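K.L.:
Sequence:
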Amino acid sequence: MKAKGQSRAKKWLPGTGIIGLGLMLAACGGDGSSDGMASSPADQGGAPTTDATLQGTAAVGQAIANATVTATCKDGSGFTLSPVTTDNNGKWSGQIDSDQLPCVLELSGGTPAIDLTSMAFAPGTTNISQLTQLALAMAGTDANLNWKTTVANWPTKAQVDAAVSDFVQTLKEKGYVPASLKGDPFGTPFDANGTGWDAVLDSIRELVENPSGSIDGYEELAQLLAEGNLDSLPDYDTQGDPELPANLNVLTDYAGTYTVMGSGSGDPGYCGSCGVANRDHSRGTVIITAQGDIDFDDGILLPATDIVAIYDRKNVDADRRIAVNFGESDSDERVRLYLNADLDVMEIIHDDGQGTTTRALIKEETAEPAVEASVDSADLGANSSPTQAEFLTLMTATWPVAIYQTPSSSPQWYGQGALTISGSTTNWMMELQGADGSTISSVHSSGALPGTVLTPFSETDYGFGPIYMPGHLFINQGTAITEFLNTYAEWDSGLIEGSAGGNGEVKFRNSMVAYGAAVPDVFTDLAGTWSGTASVACGGNPYVITDTVTNTMTITAQGHFTLQGQTQLCGGTFPQEMEWGGNDDFLIPGPEESDGAYLMHIDAQDFANVSAGKIQIRFNDDMTVKSLSAWVNGELFEMKNATRQ
114 MKAKGQSRAK KWLPGTGIIG LGLMLAACGG DGSSDGMASS PADQGGAPTT DATLQGTAAV
174 GQAIANATVT ATCKDGSGFT LSPVTTDNNG KWSGQIDSDQ LPCVLELSGG TPAIDLTSMA
234 FAPGTTNISQ LTQLALAMAG TDANLNWKTT VANWPTKAQV DAAVSDFVQT LKEKGYVPAS
294 LKGDPFGTPF DANGTGWDAV LDSIRELVEN PSGSIDGYEE LAQLLAEGNL DSLPDYDTQG
354 DPELPANLNV LTDYAGTYTV MGSGSGDPGY CGSCGVANRD HSRGTVIITA QGDIDFDDGI
414 LLPATDIVAI YDRKNVDADR RIAVNFGESD SDERVRLYLN ADLDVMEIIH DDGQGTTTRA
474 LIKEETAEPA VEASVDSADL GANSSPTQAE FLTLMTATWP VAIYQTPSSS PQWYGQGALT
534 ISGSTTNWMM ELQGADGSTI SSVHSSGALP GTVLTPFSET DYGFGPIYMP GHLFINQGTA
594 ITEFLNTYAE WDSGLIEGSA GGNGEVKFRN SMVAYGAAVP DVFTDLAGTW SGTASVACGG
654 NPYVITDTVT NTMTITAQGH FTLQGQTQLC GGTFPQEMEW GGNDDFLIPG PEESDGAYLM
714 HIDAQDFANV SAGKIQIRFN DDMTVKSLSA WVNGELFEMK NATRQ
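The numbering of the sequence shown is this note's numbering, which starts it at 114 and goes up by one.
For the record, the hints were derived by calculation from the structure and aren't laboratory data. Where hints are given, some of them may not hold.
[Unchecked claim] DSSO-like, lysine-lysine: derived pairs with alpha carbons at most 30 Å apart:
{"hint": "1", "residue 1": "753", "residue 2": "727"}
{"hint": "2", "residue 1": "727", "residue 2": "739"}
{"hint": "3", "residue 1": "427", "residue 2": "476"}
{"hint": "4", "residue 1": "295", "residue 2": "285"}
{"hint": "5", "residue 1": "753", "residue 2": "739"}
{"hint": "6", "residue 1": "270", "residue 2": "285"}
{"hint": "7", "residue 1": "295", "residue 2": "753"}
{"hint": "8", "residue 1": "270", "residue 2": "295"}
{"hint": "9", "residue 1": "476", "residue 2": "753"}
{"hint": "10", "residue 1": "270", "residue 2": "753"}
{"hint": "11", "residue 1": "270", "residue 2": "287"}
{"hint": "12", "residue 1": "295", "residue 2": "739"}
{"hint": "13", "residue 1": "727", "residue 2": "295"}
[Claimed, not checked] For each label pair, taking beta carbons as the anchor points, the in silico distance ranges come out as:
{"hint": "14", "residue 1": "372", "residue 2": "440", "range": "22 to 30 Å"}
{"hint": "15", "residue 1": "372", "residue 2": "616", "range": "21 to 29 Å"}
{"hint": "16", "residue 1": "164", "residue 2": "269", "range": "21 to 29 Å"}
{"hint": "17", "residue 1": "734", "residue 2": "357", "range": "49 to 57 Å"}
It should be emphasised that the depicted structure is a prediction, and the values quoted were computed from it without experimental measurement. Here a beta-carbon is modelled for each residue, glycine too, at the ideal position from N, C-alpha and C.
Go ahead and model the full structure; you've got the sequences and the hints to work with.
P.N.:
Now the structure itself:
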């Protein structure tokens with residue numbers, strides 16, 4: 114099906130007029146208005162210009178991988194370093210001279226092979242897709258974008274904004290864009306995962322590829338938009354296809370993004386006819402959309418309209434599967450979803466009908482439970498300096514705690530567990546239970562190794578305000594998880610945190626505003642591209658600052674982070690991609706006033722106050738951002754005075 118997916122993409126290729134991107138843009142004067150081209154400050158003997166970061170996602174309803182992105186700015190300059198290419202997720206990033214915006218962005222090559230255009234008016238996110246191409250056709254009233262060759266003819270930001278507003282509003286009215294979808298196709302970060310703005314790209318593709326539809330191809334749609342005939346767009350909900358299988362729901366019941374953990378082999382219990390793979394899956398996911406399209410791999414996009422038949426074999430114990438055929442028989446192209454006894458997807462196999470078989474082993478979703486939870490701080494009474502006996506009496510209780518780190522062999526412990534403390538000062542015990550109710554560790558002070566600690570928290574006033582020291586409860590009978598429990602309690606904050614196992618294999622705490630795989634609501638407000646300055650020393654000496662750079666952190670509403678820029682000693686590798694969704698990602702109250710009212714940690718690294726997450730975001734009381742920073746390759750990734758673009 115690879116050839117089929119590519120042939121669809123090639124409806125927009127050089128030579129077709131609308132998408133031809135091979136033209137070099139000359140600096141002919143003008144900046145998209147009637148004003149003449151101005152020289153840069155450096156040319157006039159002023160301050161040198163600064164670099165600005167442009168980044169975004171290139172997609173056509175699937176990520177465009179390994180494509181080249183070129184920038185042509187108002188003075189004819191482009192990216193300061195080239196080539197700029199897209200990664201396997203369609204993500205790209207490049208630097209331009211900030212004084213030379215706007216810039217026309219052109220994408221060519223890649224998989225699928227397609228040429229597209231976009232336009233950047235400010236640093237930050239600028240996506241490249243069919244939607245940006247079509248909006249520019251509207252803004253310039255030219256389906257072929259012939260204005261690109263003359264800077265003076267470029268549409269202004271106001272013209273592009275107006276076109277985008279009209280286009281998106283019409284798409285919402287016609288049903289192609291959900292009314293709840295925020296942002297716009299140019300500046301809103303998104304992932305090519307079949308959701309959000311990527312789902313809109315799918316719906317536009319369905320419009321132009323529907324054989325019974327009223328619009329034949331992207332070129333005809335671009336011409337219609339360039340002429341201002343928005344009302345001619347048919348309603349999305351009338352886009353029918355009588356060729357779709359009647360039992361399409363058998364496939365779409367499994368819509369989602371599946372993580373690939375490797376290549377399957379042999380005939381496991383759920384599969385009696387998997388066959389032998391002779392090709393590895395080259396991307397980290399397989400996507401099945403709500404419409405039934407299957408985005409299997411780079412260059413393999415299987416639209417629902419090409420499905421010939423779907424076979425439901427969920428009740429066949431030795432070969433439990435859903436078979437999706439794109440030809441007349443099992444000898445033609447097909448995709449098979451193999452299921453376990455619980456009907457969870459274990460493996461997805463693609464046969465191209467020409468002898469190539471790919472077996473993508475799917476990571477079981479149960480390995481990382483989707484938990485979004487909060488655990489309140491503890492009420493530790495009114496006595497801030499108890500005796501040892503008073504401290505133990507106060508701590509004698511069962512305290513709810515969040516188990517936020519577990520060994521990979523015991524994911525069932527993850528979630529809200531409990532820490533129980535009881536006994537007397539001569540013989541006391543601690544017991545930690547997991548979220549599943551099982552006992553993780555239960556230890557007694559009697560017979561424990563030297564080093565067992567029962568120290569109450571305390572308060573000392575040195576004349577400039579109270580200093581609070583945490584209480585410490587520690588029982589060590591060995592280094593195994595079942596033999597080692599270490600707990601701290603802070604009277605002033607109500608924090609209880611600790612670990613089980615000599616290497617901190619299990620970590621727990623209360624005072625968690627949010628943790629787990631489910632993305633907290635705060636990401637809706639965080640979404641966007643944040644930028645801030647940093648002083649860096651590329652010579653390796655932190656005391657000899659050599660440059661000031663602009664670092665950026667792009668955050669999506671789905672909790673995905675993209676970092677671009679430089680670390681303190683210029684030893685970091687970029688771009689860096691991280692995301693909320695693991696046991697060590699959480700939002701907590703700030704332990705110190707200087708940290709802000711709340712702290713978010715992505716991939717928390719340390720035990721004591723989890724103070725070295727790979728990404729740290731500090732919030733004010735009203736949940737506005739106080740600061741952003743990160744650690745990359747052991748170096749600080751700083752963003753001073755960070756603002757959202």
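K.L.:
Each hint should be assessed against the structure and marked as holding or not.
P.N.:
Hint check results:
In summary, the hint linking residue 753 to residue 727 is supported, as the alpha carbons are separated by about 17 Å, within the 30 Å threshold. As the CA atoms of residue 727 and residue 739 are separated by approximately 17 Å, the hinted pair is consistent with the 30 Å bound. Annotation: proposed proximity of residue 427 to residue 476 holds, straight-line Cα distance about 19 Å (limit 30 Å). This hinted pair checks out: residue 295 and residue 285 have alpha carbons roughly 11 Å apart, not beyond 30 Å.
Restraint check for residue 753 and residue 739: satisfied, since their Cα atoms lie roughly 10 Å apart, inside the 30 Å limit. Between residue 270 and residue 285 the alpha-carbon distance is near 22 Å, which keeps this suggested pair within the 30 Å criterion. Distance check on the hinted pair: residue 295 and residue 753 sit about 28 Å apart at the alpha-carbon level, within 30 Å; holds. Note on residue 270 and residue 295: the hinted pairing holds, with a Cα-Cα distance of about 20 Å set against a maximum of 30 Å.
Under the criterion of a C-alpha separation no larger than 30 Å, the hint pairing residue 476 with residue 753 is inconsistent with the structure, at around 39 Å. Of the supplied pair hints, the one linking residue 270 and residue 753 holds, its CA atoms being roughly 29 Å apart against a limit of 30 Å. The suggested pairing of residue 270 with residue 287 holds, with an alpha-carbon distance near 25 Å, which does not exceed 30 Å. With a C-alpha separation of about 24 Å, the suggested pairing of residue 295 with residue 739 holds against the 30 Å cut-off.
Between the alpha carbons of residue 727 and residue 295 the distance comes to roughly 29 Å, so the proposed pair stays at or under 30 Å and holds. Taken as a hint, the range 22 to 30 Å holds for the pair residue 372 and residue 440, whose Cβ atoms sit roughly 28 Å apart. Take residue 372 and residue 616: their Cβ atoms lie about 27 Å apart, and the range 21 to 29 Å holds. Between residue 164 and residue 269 the C-beta distance comes to about 24 Å, which sits within the given range of 21 to 29 Å.
With their beta carbons about 52 Å apart, residue 734 and residue 357 fall inside the hinted range of 49 to 57 Å.
Going down the numbered hints, you'll see the structure goes against just number 9.
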